[in-house]
Amino acid sequence: MVQAQCKEKLTMVVFSGDLDRALAAFIIATTAASMGMEVTMFFTFWGLNVIKKNEGSLKSQGWMLKMLNTMNRGGSKRLALSKFHMMGMGTWMMKKLMKEVNMPTIDELITMANEMGVKLVACTTTCGVMGVSEDSFRSEVTSLAGAAYFLGEANESKATLFI
Amino acid sequence: MVQAQCKEKLTMVVFSGDLDRALAAFIIATTAASMGMEVTMFFTFWGLNVIKKNEGSLKSQGWMLKMLNTMNRGGSKRLALSKFHMMGMGTWMMKKLMKEVNMPTIDELITMANEMGVKLVACTTTCGVMGVSEDSFRSEVTSLAGAAYFLGEANESKATLFI
Amino acid sequence: MVQAQCKEKLTMVVFSGDLDRALAAFIIATTAASMGMEVTMFFTFWGLNVIKKNEGSLKSQGWMLKMLNTMNRGGSKRLALSKFHMMGMGTWMMKKLMKEVNMPTIDELITMANEMGVKLVACTTTCGVMGVSEDSFRSEVTSLAGAAYFLGEANESKATLFI
Chain A
36 MVQAQCKEKL
46 TMVVFSGDLD
56 RALAAFIIAT
66 TAASMGMEVT
76 MFFTFWGLNV
86 IKKNEGSLKS
96 QGWMLKMLNT
106 MNRGGSKRLA
116 LSKFHMMGMG
126 TWMMKKLMKE
136 VNMPTIDELI
146 TMANEMGVKL
156 VACTTTCGVM
166 GVSEDSFRSE
176 VTSLAGAAYF
186 LGEANESKAT
196 LFI
Chain B
36 MVQAQCKEKL
46 TMVVFSGDLD
56 RALAAFIIAT
66 TAASMGMEVT
76 MFFTFWGLNV
86 IKKNEGSLKS
96 QGWMLKMLNT
106 MNRGGSKRLA
116 LSKFHMMGMG
126 TWMMKKLMKE
136 VNMPTIDELI
146 TMANEMGVKL
156 VACTTTCGVM
166 GVSEDSFRSE
176 VTSLAGAAYF
186 LGEANESKAT
196 LFI
Chain C
36 MVQAQCKEKL
46 TMVVFSGDLD
56 RALAAFIIAT
66 TAASMGMEVT
76 MFFTFWGLNV
86 IKKNEGSLKS
96 QGWMLKMLNT
106 MNRGGSKRLA
116 LSKFHMMGMG
126 TWMMKKLMKE
136 VNMPTIDELI
146 TMANEMGVKL
156 VACTTTCGVM
166 GVSEDSFRSE
176 VTSLAGAAYF
186 LGEANESKAT
196 LFI
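Protein chains in written order, with this note's numbering: chain A, 36 to 198; chain B, 36 to 198; chain C, 36 to 198.
Looking at chain A on its own, in the form it has when it is part of the complex (with noise of 0.2 angstroms):
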């Protein structure tokens, strides 16, 4: 009785920051969304990369954080195929690819998951160890919490990834 009530939800780990995978995710993310699941994605680790903003240079203090946040500057312009990204040909071609089916593009999708109410949150924990500022992502992103957050959404949820 109670479980029909609830409205199905899908929980998504995004711990990943390559292209290949963040399309994968937005792409369920969206398709979820639009048959009336509730969805959350949770950026940890390398998947901060994918909601970080394009625009700008990241701040960072000491040389490691400097190092670590050049090398892994992320935003979604940024991302790279896991395979065949070589040295960004591989990636250019999917997105012409991707084009020419009329798929949108990840800050398309990123947009669109949004507008439907997709909640998009970074992991506070890896914030911390990798020296990310709050202002580092970009608008869409809908807060930030720890994994004790994505623990509770996980446990609610019809189905967990990790991607």
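Heads up, a few of these hints could be off.
Since the list gives no way to pick one copy over another, a pair counts as held whenever it fits inside one copy or between any two copies.
DSSO-like mimics (lysine-lysine), calculated; alpha carbons at most 27 angstroms apart, straight line [claimed, not checked]:
(1) Lys134 with Lys42
(2) Lys130 with Lys101
(3) Lys193 with Lys131
(4) Lys94 with Lys134
(5) Lys94 with Lys131
(6) Lys88 with Lys154
(7) Lys154 with Lys112
(8) Lys118 with Lys94
(9) Lys101 with Lys131
(10) Lys94 with Lys130
(11) Lys193 with Lys154
(12) Lys118 with Lys130
(13) Lys112 with Lys134
(14) Lys101 with Lys134
If you're looking for bench data, these hints aren't it; they were derived computationally from the structure.
Here the structure is a predicted model, which is why all the values come from computation and not from measurement.
Chains B and C: place on chain A using the hints.
Positioned in the frame of chain A, the structure of chains B and C alone reads:
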């Protein structure tokens, strides 16, 4: 009451085209099927390589798709380990080690899964982007479907894995 | 009614032997345990490296297993980041950054998980293929079991992750 009558169900997204991850997916699938569970495997992105035919060449239009489908030819016999592939030697060794303990090969696992009623579904969206036609897949593949189909299966499942 | 009496349960397959993925798995595990959830971690393929002893050498028979277990020695202190390992420098830096914000190390997390009752289970099939004997594992490992055991745990779980 209703729940007790439901068959336990397992759904997997096979995103990866690595031999080791494909093996893990099919070992879990066939074990679950042998326990009486319903199993659906949804192959997407590089995961399509696992279920492509080994024989013949893939027909593609345009130089980008021709290039992609040459580099990313796929087929169970061309899958490589995610680690220690070492230009084929590591992958060859792993197959040898599996044979020594009488483990089935990836091809045998795919056949077994099919005979046990595991549904092998190819992602239509990836097929569209990567220019993979339906006749590129081996006969064990049950159907082509999109992310909405996967989510429907996941919503009925006890566990859903992203591999 | 019955459901309300069930303890919430979380099951994870740890397939990866990367330090970053292992950290994510143990942070989730210890957080879940601290929330009163039952947690089972099932280590398979490269994931076995996470729970191998750091000390001594692994005994293996035959040149292939000797070679594999030399290259793939494992042990928490030998795990590398999936990205930016940079011949050890990136991994060393990440450990430093974690220390600066007082995050526990992977070793401390494994001990914590064990003390909190998290079950650490090694996959018998992988042990067989890779010639890893039971005494290769650290004392926190609870038992060895196969895929059927993992599926039994997953069927009782609120969430199941493949990491």
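Structure-based check of all given hints:
no. : hint               : in the structure
1   : Lys134 with Lys42  : neither (33 angstroms within a copy, 41 angstroms between copies)
2   : Lys130 with Lys101 : between (30 angstroms within a copy, 16 angstroms between copies)
3   : Lys193 with Lys131 : neither (35 angstroms within a copy, 38 angstroms between copies)
4   : Lys94 with Lys134  : between (34 angstroms within a copy, 20 angstroms between copies)
5   : Lys94 with Lys131  : between (32 angstroms within a copy, 19 angstroms between copies)
6   : Lys88 with Lys154  : within (17 angstroms within a copy, 39 angstroms between copies)
7   : Lys154 with Lys112 : within (21 angstroms within a copy, 36 angstroms between copies)
8   : Lys118 with Lys94  : between (30 angstroms within a copy, 21 angstroms between copies)
9   : Lys101 with Lys131 : between (33 angstroms within a copy, 14 angstroms between copies)
10  : Lys94 with Lys130  : between (29 angstroms within a copy, 21 angstroms between copies)
11  : Lys193 with Lys154 : both (16 angstroms within a copy, 20 angstroms between copies)
12  : Lys118 with Lys130 : both (14 angstroms within a copy, 23 angstroms between copies)
13  : Lys112 with Lys134 : within (15 angstroms within a copy, 31 angstroms between copies)
14  : Lys101 with Lys134 : between (35 angstroms within a copy, 17 angstroms between copies)
Going through the hint list in order, the structure does not satisfy hints 1, 3.
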